[in-house]
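Assemble the complex: chain Z is given as a structure, and chains D, V and S must be docked to it using the hints.
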Amino acid sequence: MSERIGVYICHCGTNIAGIVDVADVSKWAGEKLADKDVVVARDYKFMCSSLGQELIQKDIKEQKLTRVVVAACSPHLHEKTFRNACKGADLNPYLCELVSIREQDSWVHTDKAAATLKAKAIVSGGVARVMHHEALEPLRVPIHPATLVVGGGIAGIQAALEIADAGFHVYLVEREPSIGGHMAQFDKTFPTLDCSACILTPKMVDVGNHPNITLLTWSEVMKVDGFVGNFAVTIKKKPRYIKIEDCTGCGICWEKCPKKVVDNVFEAGMGNRKAVYVPFPQAVPKYPVIDDVNCTYYLKGTCKACEKFCPTNAIDFNQKPEEITVEVGNIILATGYDLFDARRIPQYGYGKLANVFTSLEFERLCNAAGPTGGNIVMRDGKTPPKTVGIVHCVGSRDKNYNGYCSAICCMQSLKFAHLVRERTGAEVYNFYIDIRTPSKGYEEFYQRLLEEGTRFVRGKVAEITSMARIPEEEGKLIIQVEDTLIGKQRRIPVDMVVLSAGMQARQDSKEVAKLFGISCSADNWYIERHPKLDPVATMTEGIYIAGCVQGPKDIPASVSQGAAAAARVLGKIQQKEISLEPVRASINQEQCSGCRICNNLCPFNAILFHEDTMVSEVNLALCQGCGTCVAGCPAGAISGTGFSNEQILSQIDGLLMLNLSRTAVPVES
Amino acid sequence: MVDELSFSNEIANHMYASHGEPITNCLQCGMCSGTCPAVEFMDHTPRQIIGMIRADLKEEVLASNTYWTCASCFHCTVRCPAEIDIADMMYALKRYSMWKGQFKDGLIGPDFSEAFVKMIVNSGRSFEPLLAATYLPKFSARDIIQEGLMATGLVLSGKMPLLPKKIKGLKKFQQMVRRIIPIGDPS
Amino acid sequence: MKQYAYYPGCSLESLGKSYNDSALAVAKALDVELKEIEDWNCCGATAYFPVDELLAYTLTARNLAKAEKTGLDFVAPCSACYKNAYFTNSYLQKDADLADHINYALEADKLHVSGTAKVRHLIDVFINDVGLEEIKAKVTNPLSGLHIAPYYGCQILRPRKDHEDVENPTYFEALLAAIGAEPIDYASKARCCGGSLIITNRRAALDMVRILLLDAINHNADVIATTCPMCNVNLEVYQDQVNREFGTHYSIPVMYFTQLMGLAMGIIPGHLGVGKQQLGTGSMLAFAQNAKQETNQ
Amino acid sequence: MTEEPKPFEPVIIGFTCNWCSYRAADMAGTARMKYAPNIRLIRLMCSGRLDPTFVFKAFAGGADAVLISGCHPGDCHYVEQNYKAMRRFHLLKRVLVQMGIEPGRLKLLWASAAEGAIFAAEINKFTEEVRALGPLNWAQPGEQVSTPIMEEVTA
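First to last, the protein sequences are chains Z, D, V and S.
Numbered continuously in the working numbering, the first sequence closes out at residue 702.
Numbered continuously in the working numbering, the second sequence closes out at residue 403.
Numbered continuously in the working numbering, the third sequence closes out at residue 340.
Numbered continuously in the working numbering, the fourth sequence closes out at residue 157.
These are calculated hints, taken from the structure and not from any lab test.
Ideal Cβ placement from N, Cα and C applies to all residues, glycine included.
Keep in mind that a hint or two might mislead.
[Unchecked claim] List time: in silico DSSO-like cross-link candidates among lysine-lysine, alpha-carbon distance up to 30 Å:
(1) Z:K385 / V:K204
(2) Z:K565 / Z:K78
(3) Z:K78 / S:K36
(4) V:K137 / D:K388
[What the hints assert, rightly or not] Label pairs and their calculated CB-CB ranges:
(5) D:N225 / S:P105: 55 to 63 Å
(6) S:P105 / Z:Q624: 27 to 35 Å
(7) Z:D413 / D:P238: 46 to 54 Å
(8) Z:L641 / S:G76: 23 to 31 Å
(9) D:E276 / V:N261: 37 to 45 Å
(10) D:Q391 / S:G76: 51 to 59 Å
(11) Z:K276 / S:G76: 40 to 48 Å
Pulled out of the complex, with its shape left as it was, chain Z reads as follows:
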């Protein structure tokens, strides 16, 4: 058989041309690969530009090309682009092969000769491979219009509302009894200092009332089956022990409940709640939860005070966990972050020195709805501090803990400094390594703090101790630090210390990632499809990420990501159906010996065995195209579209340049 192949080498500006002699490569391909059916070889500045694409289309028409090989960037970036270009010229898109001479060559090598030779090898591999491509049609699967949003923090709330407002159904799953996330715990938000609850609660209420949102709080995702367009998600609803259809949220139950419990979640250990509780007054949904770990009834078998007093008989001590399965087309993960545990830095004394607070504790301390009604006082609950030290970068930018910058601590610490001065008039010291205020209005806020007379000491705090060396230090917390701008070690006595603990990935982020089939970075943040151009999509079709689950960020950024993810999902839903890569396995009934080896190789149970005909068959709907069965079939009866033995074996030939000479060409040209 003879084909007519066009070869196109991209300069990518100087990205490729700077290292690879593109002119030489295209000239070489034109000559040396002529006997391999290459009829035209060109190089061009930007192949992906409209002009570059037109160039290819023109050739397809005029030169009657039957195959196209583009040597440019990674297929993960522009494979679609060039396939569409071919489609535009009525050439089946799957007859186009994109080989990477940028990520795999020009960007990673320095020796021009070697890089150019490797480019030739890669091109020749592509040419050899494309010979065996076949015209394919993408598989079309309908997209279920419903969406699953995991995590009811501000990012998840935003995403859910955007989609629901657009008229599509959303299942919002939240682990805690109420949505709201960390933002609900904060007092003020920087840099504008508007009250966190005032701007958040309206959105929470909208979620609660929205006809298109099924709110599943006190629930967790257990299992995810299927793939983009058609996920089947199993969700476990933990027992609330409240009949929500009867509950009015009147609050009598938690008034009457005799059991006080320290609230380590919402109040960050600063306050108490009852055994039957709503985490905070504006909670959505308004129904309480009975905490069966601490409830006297579950411990001793008696009490039931809540049941006695409930005006609507909404208490049900016999509720059991319940599992439901929902069908969705897309999933957005917005599971947020955990606060760095300051106990891991013993020399900062948190947990040992009473008046050392974490940032979250301090948020509750400032919060008008918090344990002290918004009075900034020391642990004794009454004395206001005269001097306060605020420590930046706690657990962040430190290879001993988290190497990365937590992004919010600078602004958060500035906010704290302002609140302390505003409410107590206390002297405030901020200890920082660098002040990072790279957002709208942030630097101005820093300026404002400077004007307010907050003291800034540049230096990473070495230790915080109660050990006094001089009378002035008696009864104080002493912050020992080098003031790096004057090159002196200073010991600064204060009454109260606030540790701006950084953000880190949820402690179970790895398991959750596995559950949804996406990958984590070294720090366990979820990896986006592209760090700049595709920050809310993941490598897995149909699964998106938003907010801090992708990396530390502040509220504005989380909200934008929530909205962005929603927009991506809506786009998919509007397509009604999506086309999947037709990369699937198929079994040649004639050759199948019925040995059933492939049956067990398939993790998706996509291969079924026909007892009658004694042969196996692939269910294209279930097959994911990994190709393991193809490699495993002893009879060679299974072939994988797009990655057939012929395609790969001849690509090997090509890469070794066997297709043009009888001897393997060594690396130096």
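Below, chains D, V and S alone, put in the same frame as chain Z:
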């Protein structure tokens, strides 16, 4: 013509065996200097020394007493957020300055270390009274009296032996040492 | 009977003699045999590194090599010796090049080191091999009501990086509690005492000593317990110099943890070198006696 | 001026999966991490797709070494298929020895999408190891492996 190795590179070479990160990674956060228990007695804080090395301020660094004031307590090393072995860097500077024979006047450290090693090479064990000879000359009269008082106290309390010990396999021991540093025949 | 390759180190022959005596006495009582490494040499504490790093490693390696031959764990009572041995050992395991250089030198002494010996500090042997329960059982006159400031110092902890334990270790407290005493909780327990500076930069060292004494005394310590001859001498012998230097009036006994264990286990003070302290430990002895009588009644 | 004798430059064929290791290679590229130009990559959907035939084909075709790379165990995009690659890898090593090929010429590498640096470093390491082994003296370069052998292997 060979071009001179910069001071910062020389120090980097002296830290070749260091088990920490290179000092180019320093954030200048001051954790080391904030931690250091001897910092008040240093001409420059450890952080400043790192900055000065990176700026190739060779003379200023060698003229500083900082690295001879390091007590080798390794507190900076374990706390450094850039995982630089700062205490080891101080050793590197000591080695460098002894190699160049260039250090601040009036320091006892260099003589002491040298004497200490000489003593070990000669006997295989350390012995306080012998050492005294090497550093007392540099002490102020007042210090000498104090040392004297203390020493007598020690001897009386039976803590300070009056005769030096030697190890048995001294010959072989010295051959071993010779394979590392050039030493003349033991006196 | 548990056996160990014992490396006393130079200080225990001179300034730290009472440490050596008490260590051996207590070991004996706990059925632990400390077999002294034959013809060991000085490990150089912190004084070699300024001269030659390789020399520093090699001198320590010679002792390790001798310990390896016995197949026993290498045990040092001196924190400085322990730190040198511990890291030399782990480095030459990791760094084949370093190991080669060292072994080339060791050949001259017909020795070879592979880093197989386990390097331990004496206190670790008592706490983890003998065990606190076993020690409790051996206590005849518990030091009840005695406030002891456990002083870890540097080299026994650093430069290891397991932060919680390095910044805030607690095993020493546990040991002191086991012998009936009341360990005090004070910030400076792992702060440097300036031992390596006492000769070369006396004022710096004395100031560091001052801060430790101050902290211990502020917390009403009756005695400071140490795990290292350097620290011990530094904290004890230099107290009057501190007083002269800073016009303070500190006078607090400093004892080796082995001496305190010995007293609690009813070993004759003389065998523990107790009383050889420059500062009166009379109070201590009296205390031990009373405790004995109380327990006898 | 005199010609320095050029060091032996091995040719290495590398198989990557589409999800982790190929993206690790992409990442190495985006981050401009430099590594030896001796490796030439082939993208499969999954390391589980690796047919032992491919490896023999590569060696037969004159490759001096072969790299098989995939997602870390447990991270496979297809649940567990990389385990199958791992089993085949160990089997292959045995067979190669019987064919007189040093096992050091075949390497298995797990690399996640985030591990561009590791990917680059491992390629450099592997290249040096193979350079040390020298050229593969086995089938005549270019000589096609006859199909019967392939069937024996896959069977």
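Hints, verified against the model:
{"no.": "1", "hint": "Z:K385 / V:K204", "verdict": "holds, 21 Å"}
{"no.": "2", "hint": "Z:K565 / Z:K78", "verdict": "holds, 23 Å"}
{"no.": "3", "hint": "Z:K78 / S:K36", "verdict": "holds, 24 Å"}
{"no.": "4", "hint": "V:K137 / D:K388", "verdict": "holds, 27 Å"}
{"no.": "5", "hint": "D:N225 / S:P105: 55 to 63 Å", "verdict": "violated, 41 Å"}
{"no.": "6", "hint": "S:P105 / Z:Q624: 27 to 35 Å", "verdict": "holds, 33 Å"}
{"no.": "7", "hint": "Z:D413 / D:P238: 46 to 54 Å", "verdict": "holds, 48 Å"}
{"no.": "8", "hint": "Z:L641 / S:G76: 23 to 31 Å", "verdict": "holds, 27 Å"}
{"no.": "9", "hint": "D:E276 / V:N261: 37 to 45 Å", "verdict": "holds, 39 Å"}
{"no.": "10", "hint": "D:Q391 / S:G76: 51 to 59 Å", "verdict": "holds, 55 Å"}
{"no.": "11", "hint": "Z:K276 / S:G76: 40 to 48 Å", "verdict": "holds, 42 Å"}
Taken one by one, the earlier hints fail for this structure only at number 5.
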